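Based on these hints, arrange chain W on the given structure of chain P.
Here is what each chain is made of, one letter per residue.
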Amino acid sequence: MTPSAILTLVTAALAHAPTIAQGVQDARQLIVALFTAQLINATQQDALNGFVDAKQKLHEAGIVPEHWQVQPDPA
Amino acid sequence: MKHLKRPTSYLLTAIFAVTLCIGFGTGCNAARLETGGAYAQEGVQADLAFYQVDAAYKLAYGILDGAFAFEFENRDSLWSVSPDIKHSLDQIRPQAELWNGRYLEARAAYKAMPVPANLQPMQAALLKIQQLQATAQTFLPQPET
Numbered sequence: 001m002t003p004s005a006i007l008t009l010v011t012a013a014l015a016h017a018p019t020i021a022q023g024v025q026d027a028r029q030l031i032v033a034l035f036t037a038q039l040i041n042a043t044q045q046d047a048l049n050g051f052v053d054a055k056q057k058l059h060e061a062g063i064v065p066e067h068w069q070v071q072p073d074p075a
Numbered sequence: 076m077k078h079l080k081r082p083t084s085y086l087l088t089a090i091f092a093v094t095l096c097i098g099f100g101t102g103c104n105a106a107r108l109e110t111g112g113a114y115a116q117e118g119v120q121a122d123l124a125f126y127q128v129d130a131a132y133k134l135a136y137g138i139l140d141g142a143f144a145f146e147f148e149n150r151d152s153l154w155s156v157s158p159d160i161k162h163s164l165d166q167i168r169p170q171a172e173l174w175n176g177r178y179l180e181a182r183a184a185y186k187a188m189p190v191p192a193n194l195q196p197m198q199a200a201l202l203k204i205q206q207l208q209a210t211a212q213t214f215l216p217q218p219e220t
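Chains P and W supply the protein sequences, listed in that same order.
Under our numbering, think of the first position of the first sequence as 1, with each following residue one higher.
Under our numbering, think of the first position of the second sequence as 76, with each following residue one higher.
Misleading hints may appear alongside valid ones.
Only pairs whose alpha carbons sit at most 30 Å apart, straight line, appear in this in silico DSS-like list of lysine-lysine [to be verified]:
no.	chain 1	residue 1	chain 2	residue 2
1	W	133	P	55
2	W	161	W	133
3	P	55	W	186
4	P	55	W	161
5	W	186	P	57
6	P	57	W	161
7	W	203	P	55
8	W	186	W	203
9	W	133	W	186
10	W	133	W	203
11	W	203	P	57
12	P	57	W	133
13	W	161	W	203
Computed spacing ranges between beta-carbons, pair by pair [what the hints assert, rightly or not]:
no.	chain 1	residue 1	chain 2	residue 2	range
14	W	117	P	69	18 to 24 Å
15	P	69	W	156	33 to 39 Å
16	P	38	W	157	29 to 35 Å
17	P	72	W	156	35 to 41 Å
18	W	150	P	37	43 to 49 Å
19	P	64	W	118	17 to 23 Å
20	P	72	W	190	41 to 47 Å
21	W	150	P	50	17 to 23 Å
Not everything, but these chain W residues come out facing chain P in the computed CB check (under 8 Å) [unchecked claim]:
no.	residue
22	114
23	117
24	118
25	130
26	132
27	158
28	168
29	184
30	203
To be clear, the hints were calculated from the coordinates, so they are not data collected in a lab.
In this text, all values refer to a predicted model and were calculated from it rather than measured experimentally.
Virtual Cβ for every residue (Gly too), placed ideally from N, Cα, C.
Looking at chain P on its own, in the form it has when it is part of the complex (with noise of 0.2 Å):
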């Protein structure tokens, strides 16, 4: 592996450290939420029901994003 191969992944990992900073967090939310005596408040329940609410929107739609889909190898 060449060394500008490794820098370009190193960057590309470091980009997306905000989805690894959601999945975290989301982490956290659901262990306390499974785990613990804390209250969920209105906001955080209707920000969950939001987003499975859009998946649910999409597959119903039949639209599946790009990136979830098999496309052919690199030339």
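Same frame as chain P, but now just chain W:
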């Protein structure tokens, strides 16, 4: 990529805990839902189980989606590392679409008739999505130890 290791471990721990909780019901009903939220509407019994399953879905979906997006956006670079990365994820993509659809269809059925029996297809689909998400992560370049 050392900074990636701890968040990844946290996510994997969360997913393992969720699998135990939702798959085997190991005493995970301590949280409370504020009345007025989407899962605890006025005049209706709060549905913590529904919230928990949807929360677990959001987490698994997000990680799976992130794995697909990472490969898609860095395809040429990852291809130079190994064509197997794309090919392995391509094995998962149709399954992910299938089980994501099944989860959402089961969810629609549950919302139409929110009884425990209708929650089970959601839980079954969720476990499949979690398995796919765990598999997808193994095909991506791992952080250095």
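A quick look at each hint next to the structure:
1. 133(W) - 55(P): OK: residue 133(W) and residue 55(P) at ~10 Å, within 30 Å.
2. 161(W) - 133(W): Within the cut-off at roughly 24 Å; holds.
3. 55(P) - 186(W): Distance of about 15 Å is within 30 Å: holds.
4. 55(P) - 161(W): Distance of about 24 Å is within 30 Å: holds.
5. 186(W) - 57(P): holds, 14 Å
6. 57(P) - 161(W): holds, 28 Å
7. 203(W) - 55(P): holds, 17 Å
8. 186(W) - 203(W): holds, 21 Å
9. 133(W) - 186(W): holds, 17 Å
10. 133(W) - 203(W): Satisfied, since the Cα-Cα distance of roughly 14 Å is no more than 30 Å.
11. 203(W) - 57(P): holds, 21 Å
12. 57(P) - 133(W): holds, 15 Å
13. 161(W) - 203(W): The given pair, whose Cα atoms are some 21 Å apart, holds under the 30 Å limit.
14. 117(W) - 69(P): 18 to 24 Å: Given range 18 to 24 Å: violated, Cβ gap about 42 Å.
15. 69(P) - 156(W): 33 to 39 Å: Violated - the Cβ-Cβ distance for residue 69(P) and residue 156(W), about 21 Å, lies outside 33 to 39 Å.
16. 38(P) - 157(W): 29 to 35 Å: With a Cβ separation near 44 Å, residue 38(P) and residue 157(W) fall outside 29 to 35 Å, so the hint is violated.
17. 72(P) - 156(W): 35 to 41 Å: Violated, at about 19 Å.
18. 150(W) - 37(P): 43 to 49 Å: holds, 46 Å
19. 64(P) - 118(W): 17 to 23 Å: The hinted range 17 to 23 Å is violated for residue 64(P) and residue 118(W), with Cβ atoms some 38 Å apart.
20. 72(P) - 190(W): 41 to 47 Å: At roughly 45 Å between Cβ atoms, residue 190(W) and residue 72(P) fall inside 41 to 47 Å, so the hint holds.
21. 150(W) - 50(P): 17 to 23 Å: For residue 150(W) and residue 50(P) the Cβ distance comes to about 31 Å; the hint is violated.
22. 114: For residue 114(W), the interface hint holds, since the closest Cβ of chain P sits about 5 Å away, which is under 8 Å.
23. 117: This interface hint is violated because 11 Å lies over the 8 Å limit.
24. 118: The hint is violated - residue 118(W) has no Cβ within 8 Å of chain P, the shortest such distance being about 15 Å.
25. 130: holds, 5 Å
26. 132: Where the cut-off is 8 Å and the nearest Cβ of chain P is about 6 Å from residue 132(W), the hint holds.
27. 158: Nearest chain P Cβ about 7 Å off; hint holds.
28. 168: holds, 5 Å
29. 184: violated, 11 Å
30. 203: Violated - the Cβ of residue 203(W) stays beyond 8 Å from chain P, reaching only about 15 Å at its closest.
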